[in-house]
Amino acid sequence: MSAPTAAPASGLAQIGKSVFVKGELSGSEDLYVDGQVEGSIALKSNSLTVGPNGQVKASVEAKGVIVLGKLEGNIQASDRVELRKSAIVTGDISTQRISIEEGAYLKGKVDIHRADVK
Amino acid sequence: MSSVSQNFMKLFRGSSGPEAIAEQGSQKLTRRSSGLGELSRTWESAEALCVLDLGSTSATNIRHFTERGHRIYSEDLLTASTEPELLTKDENGVAALDSRKFLADNLVYPAAHFDVVLCWNLPDYLDESLVKPVVGRLWSVLKPGGMLLAFFHTRDAGPDSPCHRFHIIGGDTLEMKRIVLRQEARRPPTGTAHGVTSTSDGFQLQRVFNNRHIENLFRDFASIKFFLARDNIREVLVVR
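Residue numbers (my numbering), protein chains in the order written: chain S, 1 to 118; chain X, 1 to 240.
Read the hints as simulated data drawn from the structure, not as lab findings. This one's a predicted model, so the numbers in the text were calculated from it and none came from an experiment.
From the structure, some residues in chain S lie toward chain X, with a derived Cβ separation under 8 angstroms:
#	residue
1	S99
2	I100
3	Y105
4	L106
5	G108
6	K109
7	V110
8	D111
In this text, a Cβ means the ideal position worked out from N, Cα and C, and glycines have one as well.
Model the full assembly from the supplied sequences, consistent with the hints where possible.
Below, the structure written as structure tokens:
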């Protein structure tokens, strides 16, 4: 089985590698960032993927976060965080589940919170 | 050490040192750690400890501590020391790393914040100009009574001892994997003094501390305990 590449799926909202966005980003669909984003990203029920060329300086709130590039800022994920081997993350992570590939760089605190029991 | 005796030592380590498990392209080693065993009694009995892991980012270690209700901070200081902006020259014009800048960017925590610091083999591989300032900062971020675990090579380990990442896989058991540097980090921060050899693609042992050097390094701490291992490593558990 081949490893998932986290390449953007067609129809997915994308910020390409030549694009620079400064400000607040929010939405209700999955987002793939391969460019630069500065500010904040809020995708409460959706996922953010920072591509290999992505450089994000923002606080992130999302359901899931996958990082292949650089992310500077705190991550709050209601479901899971994946740091692939090329990831460079500086900031605190709060999530239910986390996976970190060998070679990924993380500087920050990790807080694992349990799912709410209903 | 002659090549014959080095080969003999490899043979010796194979039978009584860390257990080697060959993998495709990388080698995993497991080793028993008395220092870790003693330290783990703390985190098995105490609640909500604050732990700082200064080795390579390890999902295994993060899981180990968060499953026990502790808070873990991860900060890979060796990789951080390869930042090109740190390069400077000392008063003699010799290449060195800017320890002030390093400490302005790294290990920035409130005083007396951590109960446990896992240094692993950091002092052996960190650039000379950073070792004392880093240990000084670690003293200040540890709580009084807080503990720090560090590993030091003995002279018999040889200058080519590879740098490992450490994963906690049991109360007193570690899995070690050789660190291969990212492409962009493969440069010597202070020229030949902190060279990353092309053959190893990893960090190079910078020096060998003897017991007296280690005692001096941690002289501000309240106590120091040595554990001798069979694989040319001295484990040191210090208490602030």
